[in-house]
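Undergrad: Sequence:
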Amino acid sequence: MEGCDCVEPQWPADELLVKYQYISDFFIALAYFSIPLELIYFVKKSAFFPYRWVLMQFGAFIVLCGATHFINLWTFTMHSKTVALVMTIAKASTAIVSCATALMLVHIIPDLLSVKTRELFLKNKAEELDREMGLIRTQEETGRHVRMLTHEIRSTLDRHTILKTTLVELGRTLGLEECALWMPSRTDHNLHLSHTLRHQAPVGVIVSTNLPIVNQVFSSNRAVRIPHTCPLARIKPIAGRYVPPEVVAVRVPLLHLSNFQINDWPEFSARSYAVMVLMLPSDSARKWHVHELELVEVVADQVAVALSHAAILEESMRARDMLMEQNVALDLARQEAEMAIRARNDFLAVMNHEMRTPMHAIIALSSLLLETELTPEQRLMIETVLKSSNLLATLINDVLDLSRLEDGSLELELKTFNPHAVFREVVNLIKPVAAVKKLSVTFMLSPDLPVCVIGDEKRLMQILLNVAGNAVKFTKEGYVSITASVVKADSLRDIQSVEFYPVPSEGHFYMRVQVKDTGCGINPQDKPHLFTKFTRSTSGPNRSHGGNGLGLAICKRFANLMGGHIWLDSEGPGKGCTAIFVVKLGNCEIPNGSIQHVMPPT
Numbered sequence: 001m002e003g004c005d006c007v008e009p010q011w012p013a014d015e016l017l018v019k020y021q022y023i024s025d026f027f028i029a030l031a032y033f034s035i036p037l038e039l040i041y042f043v044k045k046s047a048f049f050p051y052r053w054v055l056m057q058f059g060a061f062i063v064l065c066g067a068t069h070f071i072n073l074w075t076f077t078m079h080s081k082t083v084a085l086v087m088t089i090a091k092a093s094t095a096i097v098s099c100a101t102a103l104m105l106v107h108i109i110p111d112l113l114s115v116k117t118r119e120l121f122l123k124n125k126a127e128e129l130d131r132e133m134g135l136i137r138t139q140e141e142t143g144r145h146v147r148m149l150t151h152e153i154r155s156t157l158d159r160h161t162i163l164k165t166t167l168v169e170l171g172r173t174l175g176l177e178e179c180a181l182w183m184p185s186r187t188d189h190n191l192h193l194s195h196t197l198r199h200q201a202p203v204g205v206i207v208s209t210n211l212p213i214v215n216q217v218f219s220s221n222r223a224v225r226i227p228h229t230c231p232l233a234r235i236k237p238i239a240g241r242y243v244p245p246e247v248v249a250v251r252v253p254l255l256h257l258s259n260f261q262i263n264d265w266p267e268f269s270a271r272s273y274a275v276m277v278l279m280l281p282s283d284s285a286r287k288w289h290v291h292e293l294e295l296v297e298v299v300a301d302q303v304a305v306a307l308s309h310a311a312i313l314e315e316s317m318r319a320r321d322m323l324m325e326q327n328v329a330l331d332l333a334r335q336e337a338e339m340a341i342r343a344r345n346d347f348l349a350v351m352n353h354e355m356r357t358p359m360h361a362i363i364a365l366s367s368l369l370l371e372t373e374l375t376p377e378q379r380l381m382i383e384t385v386l387k388s389s390n391l392l393a394t395l396i397n398d399v400l401d402l403s404r405l406e407d408g409s410l411e412l413e414l415k416t417f418n419p420h421a422v423f424r425e426v427v428n429l430i431k432p433v434a435a436v437k438k439l440s441v442t443f444m445l446s447p448d449l450p451v452c453v454i455g456d457e458k459r460l461m462q463i464l465l466n467v468a469g470n471a472v473k474f475t476k477e478g479y480v481s482i483t484a485s486v487v488k489a490d491s492l493r494d495i496q497s498v499e500f501y502p503v504p505s506e507g508h509f510y511m512r513v514q515v516k517d518t519g520c521g522i523n524p525q526d527k528p529h530l531f532t533k534f535t536r537s538t539s540g541p542n543r544s545h546g547g548n549g550l551g552l553a554i555c556k557r558f559a560n561l562m563g564g565h566i567w568l569d570s571e572g573p574g575k576g577c578t579a580i581f582v583v584k585l586g587n588c589e590i591p592n593g594s595i596q597h598v599m600p601p602t
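Residue 275 in UniProt numbering sits at position 275 of the sequence shown, with consecutive numbering throughout.
I should point out that these hints are in silico values taken from the structure, not numbers from a laboratory.
Only a predicted model underlies this, so the values are computations on that prediction, with no experimental measurement involved.
Heads up, a few of these hints could be off.
[Unchecked claim] The calculated lysine to any residue pairs, modelled on SDA-like cross-linking and capped at a C-alpha distance of 20 Å, are:
(1) 516 to 502
(2) 488 to 586
(3) 415 to 461
(4) 516 to 478
(5) 415 to 462
(6) 387 to 469
(7) 387 to 366
(8) 81 to 93
(9) 458 to 282
(10) 438 to 314
(11) 415 to 282
(12) 473 to 529
(13) 438 to 476
(14) 437 to 516
(15) 236 to 284
(16) 476 to 518
(17) 438 to 427
(18) 527 to 500
(19) 431 to 465
(20) 164 to 19
(21) 431 to 479
(22) 527 to 553
(23) 236 to 282
(24) 527 to 578
(25) 19 to 74
(26) 516 to 422
(27) 91 to 102
Let the sequences and hints guide you as you build the complete structure.
TA: This is the structure we're talking about:
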């Protein structure tokens with residue numbers, strides 16, 4: 001068999017190729033060694049990098065690769081076993097580090113991908129924050145414009161100035177071509193063009209509120225885009241060819257003025273609105289932005305508030321003028337009433353003086369006649385004349401006192417007097433009448449009642465005599481008791497009422513007087529009218545007694561003038577009556593005394 005040499009023959013080394021490989025391995029090793037240096041510089045300059053140990057491992061891999069190529073330079077020529085051993089160790093180390101790096105990258109790559117995901121998420125969040133910041137800046141700008149517009153609108157309270165200022169400021173802020181306001185008519189359901197920005201409003205231009213576009217604007221509290229061809233947008237003449245402008249309309253709520261009577265302001269119903277129409281420039285690409293519409297809506301509300309304030313101010317001014325006219329009329333009426341009261345009082349004073357002189361003569365002559373010898377019939381007639389004269393004299397004095405009380409000319413005559421003497425004198429005056437009717441009259445004065453006080457003795461006696469005289473007058477049988485005492489400080493709260501609020505003070509005290517009888521009593525329905533002048537009881541036993549209805553009215557005026565109060569209590573007809581009054585008196589330096597008297601019937 002013919003033998004075959006299958007071994008490839010040895011290739012003689014080409015010095016040029018070896019040289020190229022030598023140079024290439026040198027530059028590869030140089031490049032490998034430069035990469036770790038760059039990584040070290042990167043890690044040093046990086047403020048934060050989470051995988052430094054991976055970079056160090058990758059740097060070791062690069063260094064080993066570079067070392068392998070660098071050692072490979074000695075293998076292109078005859079080399080020793082040591083070079084082959086070093087080459088083997090370098091390649092084995094490179095393989096180990098390469099596998100370790102590959103295994104580490106298997107765990108690191110998902111983390112790097114998640115970091116990328118978070119980076120994308122943060123980027124989206126940043127973009128969203130940018131958009132929100134843009135909205136906030138837009139809202140701030142809108143708020144600034146609104147504040148500016150509000151300040152301009154509310155700088156006056158004249159309705160026409162408010163509307164004109166609104167249109168001018170909106171036109172300047174939003175760059176409008178036209179802005180107009182449609183106001184409700186006074187008599188019918190129409191809107192008329194009242195104010196415009198640039199073009200003079202044509203006279204007599206109206207729009208019916210029954211149109212669908214008007215109802216659409218009325219039913220929404222937002223700015224509504226409307227066609228430029230609708231009746232609300234016909235606020236300027238059309239000339240030439242142009243790009244249709246963007247037009248919006250917003251309602252302006254108006255105040256409910258059903259109770260107002262302003263001359264040139266319609267009496268709107270509760271659902272009455274004006275319409276504001278805003279038009280962007282034609283032949284432009286401008287569109288309405290959301291923040292601009294919001295500004296328009298806010299301004300419409302501010303205009304509504306300003307118009308309401310203006311309407312209220314106008315109504316208040318009208319009411320003030322009417323009130324001033326009424327005050328002038330009332331002042332004239334008051335002056336005339338005062339003149340009439342003065343004339344009446346002067347007349348009463350003159351008549352009182354002129355009537356008192358003949359009345360005293362009649363009383364004196366009648367008293368003298370009673371002392372002469374008369375027949376029973378004559379004596380009865382003279383006694384009747386004397387009684388009627390005394391009643392007429394009392395009436396004259398009461399009318400004069402009431403007149404002076406009403407015009408405020410009556411003043412108290414303050415002086416020192418003995419209240420004990422006043423009570424004794426009153427009892428002595430009513431004793432004859434009580435003796436004729438067989439009534440028991442008692443009076444009791446408390447030990448702490450001073451014997452010297454400061455006050456109006458005459459008015460106190462007049463109150464006491466009137467109250468005690470009524471008790472005797474309306475009592476047929478039984479008794480009349482009079483009690484007087486000093487009101488303690490802790491007892492003042494018990495007698496407080498709506499009309500009387502006693503206030504303790506140094507140097508003064510309150511005296512309480514009670515007159516109780518067993519007479520005919522008082523009807524409950526008569527109690528509210530007991531102290532009204534010229535009013536008498538209209539039912540019950542009191543009806544049989546005469547009287548002019550001035551006594552208790554004057555007593556109440558005197559009691560009030562003396563810082564006190566008077567009232568009556570009764571359980572009903574036939575159960576007697578208790579009259580109580582409280583007056584304020586001043587203290588004297590005379591020692592106190594006490595007195596108690598009981599006067600049996602005679």
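Undergrad: Does each hint hold? Answer for all of them.
TA: Hints, verified against the model:
no. : hint       : in the structure
1   : 516 to 502 : violated, 23 Å
2   : 488 to 586 : holds, 15 Å
3   : 415 to 461 : holds, 14 Å
4   : 516 to 478 : holds, 11 Å
5   : 415 to 462 : holds, 16 Å
6   : 387 to 469 : holds, 15 Å
7   : 387 to 366 : holds, 10 Å
8   : 81 to 93   : holds, 18 Å
9   : 458 to 282 : violated, 97 Å
10  : 438 to 314 : violated, 76 Å
11  : 415 to 282 : violated, 97 Å
12  : 473 to 529 : holds, 19 Å
13  : 438 to 476 : holds, 8 Å
14  : 437 to 516 : holds, 16 Å
15  : 236 to 284 : holds, 17 Å
16  : 476 to 518 : holds, 8 Å
17  : 438 to 427 : holds, 15 Å
18  : 527 to 500 : holds, 17 Å
19  : 431 to 465 : holds, 11 Å
20  : 164 to 19  : violated, 96 Å
21  : 431 to 479 : holds, 12 Å
22  : 527 to 553 : holds, 13 Å
23  : 236 to 282 : holds, 12 Å
24  : 527 to 578 : holds, 12 Å
25  : 19 to 74   : holds, 12 Å
26  : 516 to 422 : holds, 18 Å
27  : 91 to 102  : holds, 16 Å
Taken one by one, the earlier hints fail for this structure at numbers 1, 9, 10, 11 and 20, listed in ascending order.
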